[in-house]
Amino acid sequence: MNPDQYFVFIVDDDPSMRRSLESLLRSVGLTPRSFESAHDFLLAERPEAPSCLVLDVRLPGRSGLEFQRELINSGVSLPIIFITGHGDIPMSVAAMKAGAVEFLTKPFRDQDFLDAVHRGIGYDRDRREKSAILADLQERFKSLTPREREVMALVVAGRLNKQIAAELQLSEITVKVHRARVMFKMRAKSLPDLVRIADRLTADSLKS
Amino acid sequence: MLKPVSEMPDDQKFLVSTVPPSREQTRLAAWVMLVLLLALIATVPFARVPLDNTEVLLPAYATAVLMSELITSALLFVLFSIQRSRAVLVLAIGYAFTALMIGPWVLTFPGVFGASGLLDAGLQGTALIAAVRRIGFPLFVLGYAALKDAGPTARDMRGPAHRVILGSLASVVAAVCGLTWLSVTGDEVLPRLMADNSQVSEVWRYVPASASVLCLAALALLWFRRRSVLDLWLMVVLCVWLIETFLLAYLSAGRFSIGWWAGRIYGLTSASTVMLVLLSETTALYARLARSVSAERRIREGRLTTLEVLSASIAHEVNQPLASMVTHADAGLRWLERRSPDLDEAKAALKSIVSDGHRAAKIIESVRMAFRKGTQDRIPLNINELIQEVLAHTRSEVRLNRVSIQAELNGRLPLVIGNPVQLQQVLFNLITNAIDAMSSVTDRARVLRIRSELHKPDSIMVSVEDVGIGLDAEHKDKIFEPFFTTKSHGLGMGLMICQSIIEAHGGRLWMMNNIPQGAAFHFTLPAELA
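Chains as they are written, first to last, in numbering that gives the first Met the number 0: chain A, 0 to 207; chain B, 0 to 529.
Quick caveat, the hints were computed from the structure, so don't treat them as lab data. Please note that a few of the clues may not be correct.
[Unchecked claim] For each label pair, taking beta carbons as the anchor points, the in silico distance ranges come out as:
| # | chain 1 | residue 1 | chain 2 | residue 2 | range |
| --- | --- | --- | --- | --- | --- |
| 1 | B | Pro340 | A | Asp114 | 21 to 27 Å |
| 2 | B | Ser354 | A | Gly121 | 30 to 36 Å |
| 3 | A | Asp114 | B | Ser438 | 38 to 44 Å |
| 4 | A | Leu41 | B | Ala360 | 33 to 39 Å |
| 5 | A | Glu69 | B | Glu364 | 34 to 40 Å |
| 6 | B | Ala360 | A | Leu133 | 52 to 58 Å |
| 7 | A | Asp135 | B | Leu349 | 47 to 53 Å |
| 8 | B | Asn512 | A | Asp135 | 52 to 58 Å |
| 9 | B | Arg398 | A | Gly121 | 53 to 59 Å |
| 10 | B | Pro515 | A | Asp135 | 55 to 61 Å |
| 11 | A | Arg108 | B | Ala360 | 23 to 29 Å |
[Claimed, not checked] Chain B side only, calculated, beta carbon under 8 Å to chain A, not exhaustive:
| # | residue |
| --- | --- |
| 12 | His315 |
| 13 | Gln319 |
| 14 | Pro320 |
| 15 | Ser323 |
| 16 | Val325 |
| 17 | Thr326 |
| 18 | His327 |
| 19 | Arg333 |
| 20 | Glu344 |
| 21 | Asp355 |
Idealized CB from N, CA, C, for every residue including glycine.
Please construct the entire structure, taking both the sequences and the accompanying hints into account.
Listed below in structure tokens is the structure:
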């Protein structure tokens, strides 16, 4: 993907600071979108592309840390880079613990800032890719019939066709057909491949 | 001449013998006088009715007088040891003397402990003791009044206080013993004060007359030199003493009549009055001291946070444009270093750097203004005048926002000690906040109510109330924290600094929701000690 399809959201109440960050990000080919307040940011539509959020700790109405909590609670998993004029250690620890990418004290070195932004975008891209793959796998799994799902579960558990046939009271031939359909629908090249796919799906269902 | 309180050493400003009476105390003294006068008038018609066999009550009366006068004397001696005022010493000696003289008086009193008293004094002995007491007390008060404006006597009172006190007590005891001995043994040489056991002679007439004259003289002197709580109550005591003398000498029908007993009760009243005043004042002063110690501690802590807050605010405010400048410069460099340099972007970055530089300079200038000379000085202020001045300054903003002002200023407030610039800053901040809070109000009249009132006897309260959007419970706790703001252009410093200023003045600033809508900010300031 092109860098100019990477978005960086900026929330800072200082207009000059916003302009300077925009200019810096544009100079390296990223696409900045800046907002005066957290409220404006929430109202805006966000493009479905790898992105990260640059957040000033001191915001009108509420602090950046509170806003971070709100975002996490509402399921927005955007990597956050905090910038602050008066950072202290407890504040940065709290931010990092809540999953911030970086906590920078103004004025910061531009390279530190850009590194953090790229790292944030990297995380977001990975996350997006992972969730895309997972969505794809779930899609495939949904296309299985109930019987095929049963067969898949037993295959992944390491049972032989004969054992599966006995357990489901089917003929071995039928099991083989189901098994081939499972391999095809799940686009698994081999048995270990199918086991890996099954692992990913169960890990995700455990998570949710 | 009245001496300004401020010339006294600090630790003596609050003593009962130096602190001026409050309006309440003066009123109370007047009431006490009125009641006693009414009691006197009520007694007059029955003054001559004799009360037989009431001699037995005399020892109880004497004990009561002895105790209260001794306690008073002890309290006055303690007062002397702190203030080292010769006037107070004279008064303490006076009380000790009259207290101790009551002993021989009751012991020699005919008919109480045997027909001619326990100490076998003649007829004249008891009368002599009574005469010395009657004339002695106003004499001592006169001495006090005459000496009280002599100024601090540190020069000649430098010796240890306890030695002076012990010496005085020894002299008093010696004088009392001497007089007792004289009255017991020298009946023949004594003046004929009594005609018989209950009737006085012609010579006695001189005693109440001279006592009254002395009383009046002391009263007059105290009246012109009155300054302290002690002076006020001593005047009451002298009046009571005068009434007592009058009753005993001119209205009663000799010993043990109603008039005579009434006079005795007056005597007891006068003895207890000063004691009660001294005790209550001591306790009140103790409470006041405890309060001022804690207030002082608050002020010290307040100052510390003010400094911290100010430095944090300066650092933050200057840092903001600095950070922006650095980032603009970085961006500009990157635009120039590109394979095809973008001069327009670089130029825009440089322009922003210039404006950020000016912004930083403005912040530094405003900080300098805040610290400029004079912001530390404190003077007595009329808070209402201050409010009016700030209202005059905000008039254009008020008109622009179509806000109507309701000022309810109590014109009879005491002065406060404070820094006019800082307090104006507080008022200005609260008023502009209130106006801002109502800027989005369209469905009701925008009313800003500002009130000044007496909070407690020793503090005033100013309230600034709006009918604006008010504050959520969640924000309410945070408004005094640094960097908290609900405005898009606020620094989040205003209320925090206001609070620091008010607390540094020994007051308190808090916020409540206004009913039915809006916010109400209140602050208190301690009144100047009148």
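Here is what the structure says about each hint:
| no. | hint | in the structure |
| --- | --- | --- |
| 1 | B/Pro340 with A/Asp114: 21 to 27 Å | 23 Å, holds |
| 2 | B/Ser354 with A/Gly121: 30 to 36 Å | 35 Å, holds |
| 3 | A/Asp114 with B/Ser438: 38 to 44 Å | 43 Å, holds |
| 4 | A/Leu41 with B/Ala360: 33 to 39 Å | 36 Å, holds |
| 5 | A/Glu69 with B/Glu364: 34 to 40 Å | 38 Å, holds |
| 6 | B/Ala360 with A/Leu133: 52 to 58 Å | 55 Å, holds |
| 7 | A/Asp135 with B/Leu349: 47 to 53 Å | 49 Å, holds |
| 8 | B/Asn512 with A/Asp135: 52 to 58 Å | 54 Å, holds |
| 9 | B/Arg398 with A/Gly121: 53 to 59 Å | 56 Å, holds |
| 10 | B/Pro515 with A/Asp135: 55 to 61 Å | 58 Å, holds |
| 11 | A/Arg108 with B/Ala360: 23 to 29 Å | 25 Å, holds |
| 12 | His315 | 5 Å, holds |
| 13 | Gln319 | 6 Å, holds |
| 14 | Pro320 | 7 Å, holds |
| 15 | Ser323 | 4 Å, holds |
| 16 | Val325 | 4 Å, holds |
| 17 | Thr326 | 4 Å, holds |
| 18 | His327 | 4 Å, holds |
| 19 | Arg333 | 4 Å, holds |
| 20 | Glu344 | 6 Å, holds |
| 21 | Asp355 | 5 Å, holds |
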